[in-house]
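Sequences listed follow chains A and B, in order. Taking the numbering used here as reference, the numbering of the first sequence is continuous, increasing by one, and the terminal residue is 269. Taking the numbering used here as reference, the numbering of the second sequence is continuous, increasing by one, and the terminal residue is 1255.
Hint data in this document are derived by calculation from the structure and do not stem from the laboratory. Treat the hints loosely; a few may be bogus.
As the list claims (entries may be wrong) - For the chain B half of the interface with chain A, some residues (derived, Cβ under 10 Å), not all of them: (1) Leu-1051; (2) Ala-1067; (3) Ile-1070; (4) Asn-1071; (5) Leu-1073; (6) Thr-1074; (7) Phe-1077; (8) Asp-1079; (9) Phe-1080; (10) Leu-1082; (11) Pro-1084; (12) Trp-1085; (13) Leu-1126; (14) Pro-1127; (15) Val-1146.
Unchecked claim - Just so you have them, the derived chain B footprint on chain A, three or more residues with Cβ under 8 Å: (16) 169-175; (17) 178-190.
Where is the CB? At the ideal position from N, CA and C, for every residue including glycine.
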Amino acid sequence: MSETALAPTRSSVAFRGGGFAPIRIRWVGPLVFVVLIALLEYGTRTGFISNLTMPRPSDVLATFVNLWKSGLLWQHLLPSLTRLAVGSAAGVTVGICVGVLIGLLSYVRAALVGLVAAIFPIPKIALLPLFVIWFGIDEGSKYALIALGTFTPTVVATYGAVDNVDRTLIRMGQSFGLSWFSIVKKIVLPGAMPGILSGMRISLAIGIILLVAAEMLGAEFGIGAYILEAGSLYDLERLFVGVSVLSVLGVSVSALLGLAERRLLGWRT
Amino acid sequence: MELQLDNISHRYGDVEVMRDISINIPAGKIVCLVGPSGCGKSTLLRFIGGLERPQSGQIIQVGEPPADCINPLTFVFQDFALLPWRTVEGNISLALEEHGLGGHRMDEIITGVLDRTKLTDFRNALPKQLSGGMKQRVGIARALAVNPAVMLMDEPLSALDSQTRELLMDDLITLWTRQPFTAVYVTHNLQEAVRLGHFIVVLSRRPGTIREVVEIERPLAEREFGDADLEIRQKHLWNLMREEAMASDMELVSV
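With the rest of the complex left out, here is chain A (with noise of 0.2 Å):
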């Protein structure tokens, strides 16, 4: 065999590249929502389900338009949006400014950094009876709740996304003699705005559970009095519309962020 010169063999390189780039696809989304309430109502209708453990989707769907057409839904539905837009704008906005100079303040972020860890893992809603003191039992304590709620990982958010701003980007805008008022408008707020919007994503989740938390605490109108006397009655249909609606205020919420992230970070590559 060594005396014939063979020619050598022949093989393409085999691929082994490809992956860890997820691409957008939009119908698999729906498709699991479609499947997942197509099982149940399928269950529930052969007795496979339980009615005690999960109600039909179609009779929750009966519950639902009940509910619109009586005009009850708007009636629990203001308040809360009211309150979830009041407590989180404010939480937002003083967290923000609070985030931005603990970024950009040696003595600020000395004095605040661990106060703010201190109370971020604490329970809001353990808070309430306090807050009912000081903001009253109407509405001042729900916005007071969610404010603070939203505040903290607002502040977190804000400090890191402000500590990631492109430094040779200040020394530039000192270079040019900005004041230090235009550095942090034109260059620390656009520079840290990826951060703090994917911050917000975070803030506003904790802000609808909070707002729930403490509607069921004490309100006569919202969805979370909603949820919670349905829950009482054990009225299955009336507490999944409940939970349905907060499925859909979180996915417009973050449906609302996304459009606000195309608008504003279109420069980003």
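Given chain A, put chain B in place with the hints provided.
Same frame as chain A, now just chain B:
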């Protein structure tokens, strides 16, 4: 306006970075600072621009900057330092906004510098859409817009590929020939130094001291790529720097 560096010395903790550096920067000339990496040439430039303070010695401004000068000491950065969320126009206007120029005057200045740097068609582009060479043209346009008394250029062409570097060098020479400006040009590229420098200051390795100041009299516009005369100058500079570069390459970084 001229600048004089007067016995600049500096140390970071135990590390002496530079010792007794005195340089004159005459008006209308380009002074190149070359030296091995870590010799403190970029630090020296930040001292000149007032972004850092030397421990001893001072930088003296001789004479007043011209009246229409908006920012006397103006940097061009190695990594461009453009705001990615602002367009080309926005990046240039950043340097002009706080000087009460009025929209019309600002627009005039921006149009002028975009024209001088061949960027007119890119006025509304974002930095992410531009090539490296175009980004640095924006950096140069922004510096020209404030009509600086002295341009402080910190390895402005080091982040670019060699073809683009060649093009931008030609552009810089054209800009200077049309309207001579004063500049301190930091580089580790000797070819850039002999093409652009009227004076070339060779620094030694850490602690940086002046090894030699080389003057090249031939006008910028007459210097060509691959000029025999310049090759000899470049070789001379390389001989000066060779040992320093080797020694600084072998050093352990202890900072």
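Here is how each hint holds up against the structure:
no.: 1; hint: Leu-1051; verdict: holds, 6 Å
no.: 2; hint: Ala-1067; verdict: violated, 16 Å
no.: 3; hint: Ile-1070; verdict: holds, 8 Å
no.: 4; hint: Asn-1071; verdict: holds, 5 Å
no.: 5; hint: Leu-1073; verdict: holds, 8 Å
no.: 6; hint: Thr-1074; verdict: holds, 7 Å
no.: 7; hint: Phe-1077; verdict: holds, 6 Å
no.: 8; hint: Asp-1079; verdict: holds, 6 Å
no.: 9; hint: Phe-1080; verdict: holds, 9 Å
no.: 10; hint: Leu-1082; verdict: holds, 8 Å
no.: 11; hint: Pro-1084; verdict: holds, 5 Å
no.: 12; hint: Trp-1085; verdict: holds, 4 Å
no.: 13; hint: Leu-1126; verdict: holds, 5 Å
no.: 14; hint: Pro-1127; verdict: holds, 8 Å
no.: 15; hint: Val-1146; verdict: holds, 7 Å
no.: 16; hint: 169-175; verdict: holds (count 6)
no.: 17; hint: 178-190; verdict: holds (count 6)
Of the numbered hints listed earlier, the single one contradicted by the structure is hint 2.
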